[in-house]
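Asks: With the hints as your guide, set chain H onto chain G.
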Amino acid sequence: MNRYIISRMVQFLPLLLLITIFSYALIRLAPGDPTTFFISPKVRPEERQRIRENLGLNRPLPIQYAIWLKNLITRGNLGYSMINGRPVSETILERLPYTVALMGTAYLLALLIAIPMGIMGAVRRGGGLDFSFTIAAFVGISIPSFWLGLVAIYLLTLKWGLLPSVGMGSGVSGSLFSQIADAAHHLIAPVLVLVIASFGFWSRYVRGGLRSSCLQKCPAPSCEPAGTLFA
Amino acid sequence: MELTKVKPDFSIESDPMRRPLLSRVCRVLLHLRPRRSVALLVLILSLAFVSCDLRPPRDVLALALLADPITLNPILAFEGPSQTVNSFIFSTLVRFNEKGEIVGDLAKSWDPSPDGKRWTFHLREGASWHDGHPFAADDVVFTYETMLHPTTNCYNRGLLQVAGKEVEFSSPDPHTVTAVLQAPFAPFLANLAVIGIVPKHLLEGQDVNRSSFNASPIGTGPFRFVRWRASDHILLSWNPDYYNGAPRVKSILFRIVPEGEARMIALETGQIDSGAISAKDYPRLAQNGRFQLFSWFDYIYYFMAFDLSNPLFEDIRVRRAMAHAVDRKHIVETVLPGMGRVANGPIPPASEYHTEDVETYPYDPTEASRLLSEAGWTRNRHGYLERGGEPFSFTLLFSQSAAPCEKAAVFIQSYLRNIGIRVKLRGMDFSVLVKTANPGDFQALILDWIEGPEFDYYTEWDSSQIGKEGMNFMAYRNPRTDALLRKARTTLRKDVRLALYRDFQRQVATDAPYLFLWYQKSAVAVSPRVRGLAPPGPWGLFLYPERLELRP
Chain G
0 MNRYIISRMV
10 QFLPLLLLIT
20 IFSYALIRLA
30 PGDPTTFFIS
40 PKVRPEERQR
50 IRENLGLNRP
60 LPIQYAIWLK
70 NLITRGNLGY
80 SMINGRPVSE
90 TILERLPYTV
100 ALMGTAYLLA
110 LLIAIPMGIM
120 GAVRRGGGLD
130 FSFTIAAFVG
140 ISIPSFWLGL
150 VAIYLLTLKW
160 GLLPSVGMGS
170 GVSGSLFSQI
180 ADAAHHLIAP
190 VLVLVIASFG
200 FWSRYVRGGL
210 RSSCLQKCPA
220 PSCEPAGTLF
230 A
Chain H
0 MELTKVKPDF
10 SIESDPMRRP
20 LLSRVCRVLL
30 HLRPRRSVAL
40 LVLILSLAFV
50 SCDLRPPRDV
60 LALALLADPI
70 TLNPILAFEG
80 PSQTVNSFIF
90 STLVRFNEKG
100 EIVGDLAKSW
110 DPSPDGKRWT
120 FHLREGASWH
130 DGHPFAADDV
140 VFTYETMLHP
150 TTNCYNRGLL
160 QVAGKEVEFS
170 SPDPHTVTAV
180 LQAPFAPFLA
190 NLAVIGIVPK
200 HLLEGQDVNR
210 SSFNASPIGT
220 GPFRFVRWRA
230 SDHILLSWNP
240 DYYNGAPRVK
250 SILFRIVPEG
260 EARMIALETG
270 QIDSGAISAK
280 DYPRLAQNGR
290 FQLFSWFDYI
300 YYFMAFDLSN
310 PLFEDIRVRR
320 AMAHAVDRKH
330 IVETVLPGMG
340 RVANGPIPPA
350 SEYHTEDVET
360 YPYDPTEASR
370 LLSEAGWTRN
380 RHGYLERGGE
390 PFSFTLLFSQ
400 SAAPCEKAAV
410 FIQSYLRNIG
420 IRVKLRGMDF
430 SVLVKTANPG
440 DFQALILDWI
450 EGPEFDYYTE
460 WDSSQIGKEG
470 MNFMAYRNPR
480 TDALLRKART
490 TLRKDVRLAL
500 YRDFQRQVAT
510 DAPYLFLWYQ
520 KSAVAVSPRV
530 RGLAPPGPWG
540 LFLYPERLEL
550 RP
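First to last, the sequence lines map onto chains G and H.
Residue numbers 0 to 230, in numbering that gives the first Met the number 0, belong to the letters of the first sequence in order.
Residue numbers 0 to 551, in numbering that gives the first Met the number 0, belong to the letters of the second sequence in order.
Do not take every clue at face value.
[What the hints assert, rightly or not] Calculated cross-link-like contacts (lysine to aspartate or glutamate; reagent style EDC-like; alpha-carbon spacing at most 16 Å):
id, chain 1, residue 1, chain 2, residue 2
1, G, Lys41, H, Asp314
2, G, Lys41, H, Glu78
3, G, Lys41, H, Glu459
4, H, Lys434, G, Glu46
5, H, Lys467, G, Glu45
6, H, Lys164, G, Glu46
7, H, Lys423, H, Asp447
8, H, Lys434, G, Glu45
9, H, Lys164, G, Glu45
10, H, Lys98, H, Asp297
11, G, Lys158, H, Glu267
12, G, Lys158, H, Glu260
Everything labelled a hint here was simulated from the structure, so no lab data went into it.
So here's chain G without its partners, still in its complex pose:
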C-alpha cells in the first residue's frame, strides 16, 4: 500500500510541473500584462515600461518561468504578486481559513443531508420517499447558486432583517462566545445557498453508487438489500 502511494506521488510530480507550465503560459499569453491593470490616461507609457522592467516582464517568457521555478524549488518561494508585491503564499494562506470555514461547513452539511437521502432512496427505490427525494435533488441541482444567493439576500436580509449580507463577521472583537455566534451568524446564509446547490448532486451520487454495489454483491433476488448495505 505504501509503495502504491509513493509511486502515485512520484507520478504526480511531472503532472504538477505540466500544470504550472500550462497555467503560467495561459495567463501570460493572454493580451496585456500586470501593468495593464494600472492603465489610465494619466499614467505615462514610459512609467509602465520602467515598471515592466523592474518586474522582469521584459525578459523572455521561458526565462521568467525558469526563475519562478528555481525560487520555488530552492527556497520554497511561490513568488510575489505583480499587482501589490505581497508574497503569494501569504495571500493564499490568509484566505485559507475562510475557505475552509465556509466550504467545509457547506460540504459537511450537504453530505449529512445527502448520504441519508441517498441511502433511503436506494433502499426504497421507486417508493414515494425516493420520488420526493429525487424531485428535491433535481430542484437543488437546477437552481443556479448565484440566483439563490440573490433570493437569500432579498428575503433573509432585506425583507426579514435576520441575516447580514456582507462580511465574514461583524469585524469587531468580543468574547469568544460572541465571536463564534457572530461568525455563525454570517455563515448561515452562504452555507445555506451552497448546501441547497450541492446536496442534490451528492444524494444522487450516493443513491447510484449504492445501487451498483448492491447489485454486485447481491445477485439473488431473495437477498435483503438493507442487510447487504450495512454488512
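Replies: For chain H alone, coordinates are given in the frame of chain G:
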C-alpha cells in the same frame, strides 16, 4: 521617555483571541461530551439568529469600499480604495480644504522664492507616528525620494517631476523641507497634496515594493491601522495623539463590497453607514427619507473626442455641425437624470477656473445640415452624406464598463444618422481603449477626464503633448491655447491664472475639438446617526475624519 507612554485602552487592539476562529471552536467542542457539544452547537446557531441586529456597534463607523485596496502604502497606490483608506491613516505635507484651497497639514506654512523655483516648507512640531516615533523632515524627504526612485513601482512618479526633471528635496533642519524645481510650476502644491508621508525609520533600507509595511501601515493621521482581512474588511482605531485633536469615533470599519446592488442592500439594512448611490437609486432614497443625501459636481467631464489629424474632422464647420446635431440635453436627462449637466468647455464647474462664458452649440439639426453643406458634404440618394464620392462614416469607440458612455454612444449614433452621418459603434475594454487613443489609431471615442482644483491642463491640450507619450491624443493644435497654457502653469499668481484659463476655455469651445457631453455629479447617502460631515463637495464628506461623530 516619549516611547514609554501608557498605551490607552483600545478595546479592539487588546484582542486576546488571536487564534483562528475554527481552531477555537474545535477546542471548545473537543473538551465537551458529545451530547453537550451538540447542545452547544444548537445554542450557537440559535444565538446567531437571535443576535440579528445587522447594524455595526455604536462606536464603530462602517463605510463601504468598492474594492480591496491594492496596497496601503500611499506612495505606491493611487487608485480609489487605497486612497480612501490611506486618507484616514496618513497625513500629507499640504492638503485641500472643502473649498478646494490648499492649506497646511504636516507643513504649517511655506514660501516660494520670487522666481517660483524654490519652495521652503516649515513643518508642524509635535506630530508623531502611530508607533510613538516623532515625525521629522527626514520622513518627508525620504517619502518623495523613494517615490521618485526608478526601482519603486510607482505609476504616478510624474507628480514630482517638473519640466521632465525630478524635483530635488532636502531638509536643512528637522523642521524644514526645501524643494528645488527646474521651472516654476503652479500645480506643484496640489500634487504634494495627494502624496501621503511614510515613516523613514520603518521603510529605510527595505524593498518598498514588497515591504510588509504595505499591508500593516503606520502613519501620522487621525486613525491607526488595526487589521486587514483581504476582500472582507479593514479596521482602523482612533489615534488619541492626533495633532488636530483626538477623533470622536473610536473605530472605522471599511467593508469591501464590490457589487453595487449588494452595497445598496447593505446601506438600506444599516450594515454600512454610507455609500455612493447611482442616478437610478437617488429618487427612491430621497423619497423614503431615512438617509442624509448629498450630491455635488465632481472634477470630471465626459466628451467625445475626434482624431483631428484625420481629414474627416479637420474642418471646424464639420465639428460644429456635429455639436449642433446632437441633443446633449436630452442625452443627459435620459442617461443621468438629475446627476449631470451639459458640458460646454474643458474645465468642470467644480473648479474655480470654470467659466460659463463660452460658445455653446444648442441642438439645431438645420444649422448642422447648413454647416455640413457649406463644408462640401451633400446627401446621396440613400440620405447619407458624401463628398467627392466618399461617404461620411466613422467608428466611435467607448468603454464597455461605463454604462452612461455606452448609452450616450447609441444616442449619438442615431442623432448623427439624422443628418446623414453613418457611425459604427465599438465597445471595448477600458485599458484597450486607452491604448488605442493615439493620433491615427482611432477616429472618435468617448472618454472622461478627472481633474483637480489646481490641474495642469497643459498635459491634455498642449500641442507638445501630441503623440504616444502625451495625453493630447486627439492632436489638438492651436498656438494661442499653447501660449495661454504655458503661461498659466508657470505663474503663481491666481488672478493671472484665472484670466488665462478663462481665455483658454473660450478658445477651446470655439474650436470645438471635442464634442463636450456632460459634467457629472456624485451622490452619497449617509446614515442619520453620522454627524460632523464635511460640507458636500468633490473632496467627500469624510474630509476631516477626526470631526466625525456617531449619535447614539
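Asks: Report the numbers of all earlier hints that the structure fails to satisfy, in ascending order.
Replies: 1, 7
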